[in-house]
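> Below are the chains, spelled out letter by letter.
There are 2 protein chains.
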Amino acid sequence: MNGAEALIRTLVGSGVDTCFMNPGTSEMHFVAALDAVPEMRAVLGLFEGVATGGADGYARMKDHPAAVLLHLGPGLGNGLANLHNARKGNVPIVNIVGDHATYHKQYDAQLESDIETVARNVSPAWVRRSSSTAGLAGDAAEAVAAALGPPGQVATLILPADISWSDGGAVVGAATAAAPQSVDAGVVETVAKALRADGPAALLLGGTGLRERGLRAANRIAAATGTQLLAETFPTRIERGAGLPEPTRLAYLAEFAAMQLAPLRRLVLVGAKAPVSFFAYPGRESYLVPEDCELIELATVDHDVEAVLEQLADALDAPDVAVPSSGPRPERPTGALTAESIAAALGALLPEGAIVSDEAQTSGLSNPGATVEAPPHSWLCLTGGAIGQGLPVATGAAVAAPGRRVVALEADGSALYTFQSLWTQAREGLDVTTIIYNNRSYSILNMELSRVGVEEPGPKALSMLDLHRPDMDFVSLSQGLGVPATRAETAEELTSQLEASLATPGPSLIEALVPPIL
Amino acid sequence: MNGAEALIRTLVGSGVDTCFMNPGTSEMHFVAALDAVPEMRAVLGLFEGVATGGADGYARMKDHPAAVLLHLGPGLGNGLANLHNARKGNVPIVNIVGDHATYHKQYDAQLESDIETVARNVSPAWVRRSSSTAGLAGDAAEAVAAALGPPGQVATLILPADISWSDGGAVVGAATAAAPQSVDAGVVETVAKALRADGPAALLLGGTGLRERGLRAANRIAAATGTQLLAETFPTRIERGAGLPEPTRLAYLAEFAAMQLAPLRRLVLVGAKAPVSFFAYPGRESYLVPEDCELIELATVDHDVEAVLEQLADALDAPDVAVPSSGPRPERPTGALTAESIAAALGALLPEGAIVSDEAQTSGLSNPGATVEAPPHSWLCLTGGAIGQGLPVATGAAVAAPGRRVVALEADGSALYTFQSLWTQAREGLDVTTIIYNNRSYSILNMELSRVGVEEPGPKALSMLDLHRPDMDFVSLSQGLGVPATRAETAEELTSQLEASLATPGPSLIEALVPPIL
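As you go down the protein sequences, you meet chains A and B in turn. Counting along the first sequence from 1, when you hit position 359 you're at 359 in our numbering, and nothing is skipped either side. Counting along the second sequence from 1, when you hit position 466 you're at 466 in our numbering, and nothing is skipped either side.
Don't read these hints as lab results, they were simulated from the structure. As the structure is a computational prediction, the values presented were derived from the model and not from experiment. Treat the hints with caution; some may be incorrect.
Heads up, the list lumps identical chains together, so a pair's fine if it works in one copy or across two of them.
[What the hints assert, rightly or not] No farther apart than 27 Å at their CA atoms in a straight line, the calculated lysine-lysine pairs in the DSSO-like style are these:
#: 1; residue 1: Lys62; residue 2: Lys273
#: 2; residue 1: Lys62; residue 2: Lys460
#: 3; residue 1: Lys193; residue 2: Lys273
#: 4; residue 1: Lys273; residue 2: Lys105
#: 5; residue 1: Lys105; residue 2: Lys62
#: 6; residue 1: Lys460; residue 2: Lys105
#: 7; residue 1: Lys105; residue 2: Lys193
#: 8; residue 1: Lys460; residue 2: Lys273
#: 9; residue 1: Lys193; residue 2: Lys62
#: 10; residue 1: Lys193; residue 2: Lys460
All chains, full assembly: derive it from the sequences and hints.
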C-alpha cells in the first residue's frame, strides 16, 4: 500500500471521511488512491478558498473535521483566508498540503516555496512535514487528534509527493480527541456567588456555549439570578429560533458594544474572550470592558463549555425555564426591496432546521431580529473577519447536513472573493439558497471611512469603495457557474423567489437589488 | 502630513505611481490620502490576487514596480499565489500590507494574525514592519530600492494603521536601484573560449536576456560560433516576432527537455538557472543537465544580462546578423475549432506591439510556433507555476502600456482562480482581448496523472480533473463582470471574433470551445 492510500484509510478510520480539494500534480497519488477507499468523499473546488471554507462549514455542522487537500505553497495561500476564519472560530480542519518530492526541493523548481512559514499563520500549534511513508498514517492520526483539540484547530500536514507515492504505508488506528479541561468546583462556586451579588452582571457566551444545551443552561442561570445573556459578536455556530433562549449579540461597532457593556458590574466569560474592538480607531479604546466592571473567566474554549454552564446552573439551584415567545413571525413583506424587507421574508419563510451562513455584512443587521421566532435553525458567522467565507461555508455545511436547507446571506463585495463555490454546489447538488445583497458598494468601508476620522473623502477614495462601473450581474455570474438564478427588485419578488428556492432541491441564487443601509 | 500621505508621496517620488489594491478598514487612511496625491493612480481589484497579479504584469512591462495595498494577513494570503509568481520571475513589487494599530495587536481581534510569517514566503529577503510615522517614508523608499534589486523582488512593508494615520510623516527622496553586478572579463573570455571549442553548445537565456538587446547579442554569438540558443521554459517577458531571434524554449515536460539537452557538451547559463524538472516523477531525474555536459554560469539575474551578452559577442568579434524569416504568417484558419486553429488565428492576426499574457496551459502548445512571424510583440509566461496569473497579469500589463493591445490566452481551469480581473478591466477601460480555452477539463492533470505512474485511474480520481457537471459558461461569467463576450465553436467564428475584439477599444472575451489536446 502506498503512503497516500494508508493516509486516506487512516483519515476515514478516524471519522474524517470527506475531503475538500483543489489538487495538482504533486497530489495525484492522493487523488488516485481515492478510488481504493470508497468511504472517502471527495469534493472538488475550483479555487482553494472554496475547499478550505467548505471544510470550515462542514466541521461547524459535524463537530468533526473534514480534510482539505491543497497544492503546495500557492495553493495554501489561496486557501489561507478561510483557514484563518476557521482558526479564529476554533473549527477543526485537517489541512493537507502537498509538496514536491523530498529530493526535488533542493532544485528550487517553479513551485518551490517555504510552505511551513505560511502554514504557521493558521496552524501556530501544529504543522508537520511527513518524513517517511511508514510514518505518514501516524502523522495523519496525530493531525486529526490535534485538529479535534479542544479547542478545535487547523492542523497542517505537509505531504511530500514521494512520501505519498512510495510503498510501505501502514494504516493506524483511530485518533481520539483529548478530554476537555475541567473547571474547578471552586471557580464555579465563586461565579455563582458573584452572580448572586447585587449589580448588573452578564454572561458572555461563546463557542459551544451557544449550542442548545449551553443556551438552556445559561437561560436557567439568567432566570435564577437576573444575569443578562450576551453572545460574542461572530459565533462559529449559534442555535436559535422559536423556543430557544436568544442571548444578545455584542455589536460589531465598538461604540455600540461599549454601550451594551457600560451598565455591567460583572462580566463572566464562558467560552468567549474579553470583548475588544474589531479594529482600532483614532482616539477610541480598543478594550471594551468598562473599568469598573469585574471580569471573571469561567470557561475558555479549552473546556466543555456546555457542561460548565450546567454545573453553574446546578450550583445556583436554577430550575428549568421555558422561553416565552417574543411575538409572531413577520408577515411576508411588500413594497420596496430593502435589507429590512429581506429580513422580514427570512423571518416569514426560514424553514425548520435551516442552516444560515451569514456574510451579509451591513445589509444583514436586521436579520437576527427578524428570525428569532423562526423554527429552530443554526446560524454560522464570519468568525475571523476575512471576507469570502459565506459561500464556501454554506457549501460545506450542505455537504455535512443533507436534508437541511442552507441559506447563504451574502454581501455583493464579499461574494466575489469565493464565488466559485456555486459551481461546487451545482456539481454536488447541494440544497443551498443564496441571497446576494447587491448594493453596488463596499458599504461597510463607506461607514468605516468616517469612523476612522476621514471627514470629507475625495472622489478617488470613494471610488475605491464603489462597486459600480461596471455593475455586476449576479444572475449571469451564477448561471455561468451552473446555478439557476433570479433577480428581485421588489419585496414581493424576493419573497416569492425565496419561497420557490427553498422548495426546490439543489442550489439556486437570488440577486436582491437593495439600497445601501447607510 | 500623516504617515499615509508621506508614504504615497514618497512612492510617487520614486516612480511608483500606480497602486493595485483591495483595501479594508485598516487601510482607510491610505485610501483617503490618495486624493491628496493626484499622481498616484489607484486600481481596485475585487480580489487580492487580481491586485498582486496586476502589479506583476505592470512591472514586467514598465521595468519599475507598482505598489500593492492589501488588508492584513488574510488579504496577503489571497494575494500570495501571484506574489509567488512575481518572486519566481524576479519581478519588482512594493507590497504594502495594512495591519492593526500597534497598540491593538495585543487584543488578538478577529483579523489579528502573524503577517510576517506569511510574507516571508514571497519576500524572503525584505519584510519590514514600520514602527514610526516619521520613519515610514524612509521605509517605503527602502522598499522601493529593495524591490528594484537587482534582481527584482517582492518587498513587503507592513503598515500598522496608527503609523499610517498619525501626523509627523515626512517625504523622503527617490529610491535608486543598486547597480547590477559586473561580470569579470576573465569569465567572459573563458566562455568565449568554450564556445569556440568543438562539440555542441548552447546558451540558456533567461530574465532580461530575452529582451531585444539581449536576443540580438545572443544571435551574434550563435551565428559566430554555432551555439544554440535556448530560453528558460517560462520567461517573465520575452520579446519576439518577425525580425527577432527566437531561442528555443526548454520544454515543460522534463522528458522532452532532456531530449533537447542530451546532445549538448556545454551549457552556458545567462540569467537562467540550471534546468530542472517542474515536478518530480517516480523513477525520473529531477536535474536535467546531462552528466557529460559542462555547465558554465556566465550571468545570473543579479547581473545586467543584456550587457554581459554584448560583452561576450564583442569578445567573440561576432558581427551583427539579420534574422531570416521562417516563412509566411499562418492563413486564417477554417473548419473545426481546436487549440491549433486558435494558434493559427493568433499567428494571422496578432497586431504589432501586442502583449500576450500566456496561461493557456496544454491548449497553448502551438501558440509560440504559430506567432513567430507575427509583428514584434511581448510574451509573458506563468513564471511561478501558480495558476490564476494570466488574467491579472494581462490587466496590469494593460495599465502599464496604454496603446498596446493585450491578449490573454487563458485555460478554463486557470481562469477561475482570478476571474474577477475582468471587472477591473471593464472599470479601467483596458484594451484586453481574452480567449478562454474551454476544454472542460483540468487537462494538464489528466496528463500528469499518467506521468506520475497512475496507470488506470478510477472514476473518482478522474472526476477530480473534470470540469463538466456543470459546464461553465464563460460568456455569462464575463458579462456578469461587465466585459462583453462571445462564444466561438468554429475556426471561422473564432477568427472573426478575434479580429473584432482586437479592433474594439476596451476589454472583450471570447469563449473558445475546444477539445482537450490529449
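> Indicate, hint by hint, whether the structure satisfies it.
We went through each hint and held it up to the structure:
When the C-alpha separation of Lys62 and Lys273 is checked against a cutoff of 27 Å, the pair qualifies only within one copy, where the shortest distance is 24 Å, while the shortest distance between copies is 48 Å. Taking the shortest alpha-carbon separations for Lys62 and Lys460, only the inter-copy value of 23 Å comes in at or below 27 Å, while the best intra-copy value is 46 Å. In this assembly of identical chains, the alpha carbons of Lys193 and Lys273 lie at most 27 Å apart only when taken from the same copy (21 Å versus 71 Å across copies). For the identical chains of this complex, Lys273 and Lys105 are inter-copy neighbours only, at 14 Å across copies versus 41 Å inside a copy, given an alpha-carbon limit of 27 Å.
Neither within a single protomer nor between protomers do Lys105 and Lys62 lie at most 27 Å apart by alpha-carbon distance, with minima of 37 Å and 32 Å respectively. In this homomeric assembly, Lys460 and Lys105 never come within 27 Å of each other (Cα to Cα): the closest approach is 45 Å inside a single copy and 29 Å across copies. Taking CA atoms no more than 27 Å apart as the test, Lys105 paired with Lys193 passes in neither setting, with 60 Å inside one copy and 34 Å between copies. Neither within a single protomer nor between protomers do Lys460 and Lys273 lie at most 27 Å apart by alpha-carbon distance, with minima of 38 Å and 43 Å respectively.
Proximity of Lys193 to Lys62 under the C-alpha cut-off of 27 Å is found in neither arrangement, the shortest distances being 36 Å within a copy and 70 Å between copies. In this assembly of identical chains, Lys193 and Lys460 lie within 27 Å of each other by CA distance neither inside one copy nor across copies; the values are 57 Å within and 59 Å between.
In terms of the numbered hints stated before, the structure departs from hints 5, 6, 7, 8, 9 and 10, listed from lowest to highest.
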